[in-house]
Amino acid sequence: FIHFPDHHEGHLTLLRSSLVNNRTQAKVAEELGMQEFAITNDKTKRPVALRTKTLADLLESFIASLYIDKDLEYVHTFMNVCFFPRLKEFILNQDWNDPKSQLQQCCLTLRTEGKEPDIPLYKTLQTVGPSHARTYTVAVYFKGERIGCGKGPSIQQAEMCAAMDALEKYNFPQMAHQKRFIERKYRQELKEMRWEREHQEKDLDDTEDMRK
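Residue numbers are given in this note's numbering: position 194 of the sequence shown equals residue 194, and the series is strictly consecutive.
If you are wondering where the hints come from, they were derived from the structure by calculation, not from laboratory data. Treat the hints with care, as some may be off.
[To be verified] Heads up, simulated DSS-like pairs for lysine-lysine below, C-alpha to C-alpha not over 25 Å straight-line:
| id | residue 1 | residue 2 |
| --- | --- | --- |
| 1 | K70 | K100 |
| 2 | K191 | K169 |
| 3 | K151 | K100 |
| 4 | K123 | K191 |
| 5 | K123 | K151 |
| 6 | K169 | K143 |
| 7 | K143 | K115 |
| 8 | K100 | K123 |
| 9 | K169 | K100 |
| 10 | K143 | K123 |
| 11 | K100 | K27 |
| 12 | K202 | K27 |
| 13 | K202 | K191 |
| 14 | K100 | K115 |
Using the sequences plus the hints, can you model the full thing?
Next up, the structure:
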């Protein structure tokens, strides 16, 4: 609410949920280098690329362990130093926001006062190909109108493509408002955050070079 005071409460709820989803948690875990401490069944001892959910589980496990071994104060410190500062950048850059989530947010902002909010509905129109190589065609509807269509090797991927098609074709005032708001209020702050992040990474690289 502090960053987006003019946004609909439904949008804020979705935004809050998106901040703790697997993609966001995995990105935080990766930036903190947690994958280096993961114990896997790979006996080659080579670096293993962990799945998004595995990285997210790794971060959640660490936070839970920190709470059990220490206490809530340590968790607060970790979150304030390592987690929350990144969330603001995630919000502004919309790194967390996949097409389906973004479409649902836009639809929620168009709700009629006093009525239940309308949400996008997805319908599989066609399935072609053998079981090992199928292609799905999915359409997305909003208030009874088809606003997008997409294809993909899975229903989920086809739904993502349909949502992206809808975002490109349908006029959502919320998207334009959010973009203007972010650019106006946080343009300089985003530059400073990126500059600071780049210099921190450079300092870490320089430190590692000196150790070598």
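Evaluation of the provided hints:
A threshold of 25 Å between alpha carbons decides the hint, and for K70 with K100 the separation of about 39 Å lies outside it, so the pair is violated. Restraint check: the Cα-Cα separation between K191 and K169 comes to about 31 Å, which exceeds 25 Å; the hinted pair is violated. Under the criterion of a C-alpha separation no larger than 25 Å, the hint pairing K151 with K100 is consistent with the structure, at around 14 Å. For the given pair, K123 sits about 41 Å from K191 by alpha-carbon distance, which is inconsistent with the 25 Å threshold.
Straight-line distance between C-alpha atoms of K123 and K151 comes to about 12 Å, which keeps the hinted pair within the 25 Å bound. Restraint check for K169 and K143: the C-alpha separation of about 16 Å stays at or below 25 Å, so the hint holds. Taken as a hint, the K143 and K115 pair is honoured in the structure, with Cα atoms around 13 Å apart against an allowance of 25 Å. For the given pair, K100 sits about 14 Å from K123 by alpha-carbon distance, which is consistent with the 25 Å threshold.
Restraint check for K169 and K100: the C-alpha separation of about 14 Å stays at or below 25 Å, so the hint holds. Simply put, K143 and K123 have alpha-carbon atoms about 14 Å apart, close enough for the 25 Å limit, and the pair holds. Distance hint between K100 and K27 is fulfilled; the C-alpha atoms sit about 19 Å from each other, no more than 25 Å. Proposed proximity of K202 and K27 is supported: the alpha carbons are some 19 Å apart, at most 25 Å.
Restraint check: the Cα-Cα separation between K202 and K191 comes to about 16 Å, which is no more than 25 Å; the hinted pair holds. Simply put, K100 and K115 have alpha-carbon atoms about 22 Å apart, close enough for the 25 Å limit, and the pair holds.
In summary, the structure is inconsistent with hints 1, 2, 4 from the numbered list given earlier, while agreeing with the others.
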